[in-house]
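There are 2 protein chains.
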Amino acid sequence: MIQGKASVSFDTGVWIKESAAVVGKKEGEGPLGNEFDEVCMDELFGQKTWEDAEGELLRRCAQLAMDKAAVTPEKVRFAFAGDLLNQTTASSFGLKSFQIPQFGLYGACSTMGESMVLGAMTVGAGYAEQVLCAASSHFASAEKTFRNPLDYGSQRPYSATWTVTGAGAVILSGKSGLARITGVTVGKVVDYGIKDPMNMGAAMAPAAADTIYQALTDFNLEPESFDRIITGDLGYIGQTALIDLLRKKNVDISNQHMDCGIEMFDQKTQDTHAGGSGCGCAASTFCSLVMKKLKSGEWKRVLFCPTGALMSQTTYHEEQTIPGICHGVMVESAAGVFIG
Amino acid sequence: MIQGKASVSFDTGVWIKESAAVVGKKEGEGPLGNEFDEVCMDELFGQKTWEDAEGELLRRCAQLAMDKAAVTPEKVRFAFAGDLLNQTTASSFGLKSFQIPQFGLYGACSTMGESMVLGAMTVGAGYAEQVLCAASSHFASAEKTFRNPLDYGSQRPYSATWTVTGAGAVILSGKSGLARITGVTVGKVVDYGIKDPMNMGAAMAPAAADTIYQALTDFNLEPESFDRIITGDLGYIGQTALIDLLRKKNVDISNQHMDCGIEMFDQKTQDTHAGGSGCGCAASTFCSLVMKKLKSGEWKRVLFCPTGALMSQTTYHEEQTIPGICHGVMVESAAGVFIG
Chain A
1 MIQGKASVSF
11 DTGVWIKESA
21 AVVGKKEGEG
31 PLGNEFDEVC
41 MDELFGQKTW
51 EDAEGELLRR
61 CAQLAMDKAA
71 VTPEKVRFAF
81 AGDLLNQTTA
91 SSFGLKSFQI
101 PQFGLYGACS
111 TMGESMVLGA
121 MTVGAGYAEQ
131 VLCAASSHFA
141 SAEKTFRNPL
151 DYGSQRPYSA
161 TWTVTGAGAV
171 ILSGKSGLAR
181 ITGVTVGKVV
191 DYGIKDPMNM
201 GAAMAPAAAD
211 TIYQALTDFN
221 LEPESFDRII
231 TGDLGYIGQT
241 ALIDLLRKKN
251 VDISNQHMDC
261 GIEMFDQKTQ
271 DTHAGGSGCG
281 CAASTFCSLV
291 MKKLKSGEWK
301 RVLFCPTGAL
311 MSQTTYHEEQ
321 TIPGICHGVM
331 VESAAGVFIG
Chain B
341 MIQGKASVSF
351 DTGVWIKESA
361 AVVGKKEGEG
371 PLGNEFDEVC
381 MDELFGQKTW
391 EDAEGELLRR
401 CAQLAMDKAA
411 VTPEKVRFAF
421 AGDLLNQTTA
431 SSFGLKSFQI
441 PQFGLYGACS
451 TMGESMVLGA
461 MTVGAGYAEQ
471 VLCAASSHFA
481 SAEKTFRNPL
491 DYGSQRPYSA
501 TWTVTGAGAV
511 ILSGKSGLAR
521 ITGVTVGKVV
531 DYGIKDPMNM
541 GAAMAPAAAD
551 TIYQALTDFN
561 LEPESFDRII
571 TGDLGYIGQT
581 ALIDLLRKKN
591 VDISNQHMDC
601 GIEMFDQKTQ
611 DTHAGGSGCG
621 CAASTFCSLV
631 MKKLKSGEWK
641 RVLFCPTGAL
651 MSQTTYHEEQ
661 TIPGICHGVM
671 VESAAGVFIG
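Chains as they are written, first to last, in my numbering: chain A, 1 to 340; chain B, 341 to 680.
Rather than coming from a laboratory, the hints here were simulated on the basis of the structure. Among the hints, erroneous ones may be present.
[Unchecked claim] Computed from the model, here is a short list of chain B residues facing chain A with C-beta under 8 Å:
hint, residue
1, Leu435
2, Gly527
3, Val529
4, Gly533
[Unchecked claim] Each computed DMTMM-like pair below joins lysine to aspartate or glutamate, with the alpha-carbon atoms no more than 25 Å apart:
hint, chain 1, residue 1, chain 2, residue 2
5, A, Lys5, B, Asp407
6, B, Lys345, A, Asp227
7, A, Lys144, B, Glu658
Yeah, the Cβ is synthetic: ideal placement off N, Cα and C, and Gly gets one too.
Generate the whole structure from the sequences, applying the supplied hints.
Here it is in structure tokens:
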């Protein structure tokens, strides 16, 4: 059902049947280490290139989500997936062995949100009984794509984030599950003119503010209606900017806000500066920690709103700005006791 | 409504309210020159970089589609768009001024199909009254992204296609229009192990065969049920491969098949070797010639199935295969007299 300017709510149930999260070694050593389904100690995931490593990471994660949900690829009608690589090759190559009809997505680090929005709309409309939504990122393939080859050993400023090696996947179902997607808010491309790719948090915060404000307006809810309002990878600097931007609109999310990039690493011991980033940061945190809290009922309702920075190496070299985008997914515990 | 293995049919009307096609000079000089809404003689579209040129091309095309449909961006609920550039920056930057909630897509040259599939599903479900579906490519930005900078003057083999500078956009509506989308078929990633990026037609033909076969099966139709079965940019070599592959499955589409890449250029005088290619090839041909034939009722029903090659420069350098994907959209003349 159409809600407000940019949102859709689901009268029929759209369920998260199961989720899975697979990460790399460094992520496994972080504060969320015990939450993930699999921590792979081999950063190459048994492959020869970083690109194949990311594809295998995503494949394993999707396989695990299907296994946990007790479904085979044949029973999954559509896959919605994306990643950060040029021409999103990690998801095209990574998922091809499943032979699931597939939609390739690019929403930068908001991709897990985009895939869940489209997946939920598809299941909610009755176009599919079950779909797979997934996203990934890999530290080494992302550094190569967006910054410098690792071999250069370039120094990173304190405003830079650390791309998470991780993937998350959910199986959405029209029948039952651990949590329910009750609404989605589709983000606009928001451009505040930031040009520093080493300060992605500041570039993406305006998009997060826009989508969160839109979701609260469209669904007529307050920040207090949520146990957590969860961004993907704003990091420490972006978090401050987001809270400030929303305060200017008389919305205070400081008590509810959580950022997956901040949760992912221990800032003191893991040398990740402004926090974690990448599609895999939000995806793997949502599919582990957040889903566990919703499953247990400790959290009743969250707004999951990962943000993406819509730049490329080419646009950076051509001195373009870095526009952001953020897609929102409202998820409620299957217990169904809303706090709103 | 779910149809067969990979398709959805729409009981409620999903209409193509209007379409627009904008192309570059070379495309304007080709056989379809008189069909397009705008032929821009400045390949830079008034911009300073090829990337910005493509963004402006897409923006103009989307604006034109909205103008023709007499809708403002505020009345378009969602945009579904993509392009070939790294991180799909042409669509992110090109459409951002409209401030329409946007889904970024990557389906390589199948993107116009992907955007129409998702747009039709969204309108068909009642999630939006009107959506924008669009895709673009630009010869110069694509050559730079996938092959070599133009300045190198590299020679091209006869199996290579020529990336079309062009964009197509449709406004889909739940109410009325020039033609009706009656079904969609979502493609799988199909990999026959082809590795030559100068022979994309051969790499993509298996995906086209797979989706066309799936669509005919899911909708229980014959090739004769269609006036045209339209691929995007297989070119001359890919066309032969496609027809052969389907003949092996006892399906003969030789009388119905049309390829936008073959239609776009005059092979004898325009030096484009195997034909046109790029997201913009299928998009601009569909949004001009095909829509005109449907509008006039000369064609009653077509299966539009653009194909994409899911490679990147990185996967090529790493000696990967080139998997393909193809999404199918069944479109019927608003006259409603089916020939099936």
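Each hint, compared with the structure:
1. Leu435: 7 Å, holds
2. Gly527: 6 Å, holds
3. Val529: 4 Å, holds
4. Gly533: Because about 12 Å separates Gly533 (chain B) from the closest Cβ in chain A, which is outside the 8 Å limit, the hint is violated.
5. A:Lys5 to B:Asp407: Answer holds: Lys5 (chain A) to Asp407 (chain B) is near 21 Å, not above 25 Å.
6. B:Lys345 to A:Asp227: 39 Å, violated
7. A:Lys144 to B:Glu658: Satisfied, since the Cα-Cα distance of roughly 14 Å is no more than 25 Å.
Hints 4 and 6 from the earlier list are contradicted by this structure; the remaining hints agree with it.
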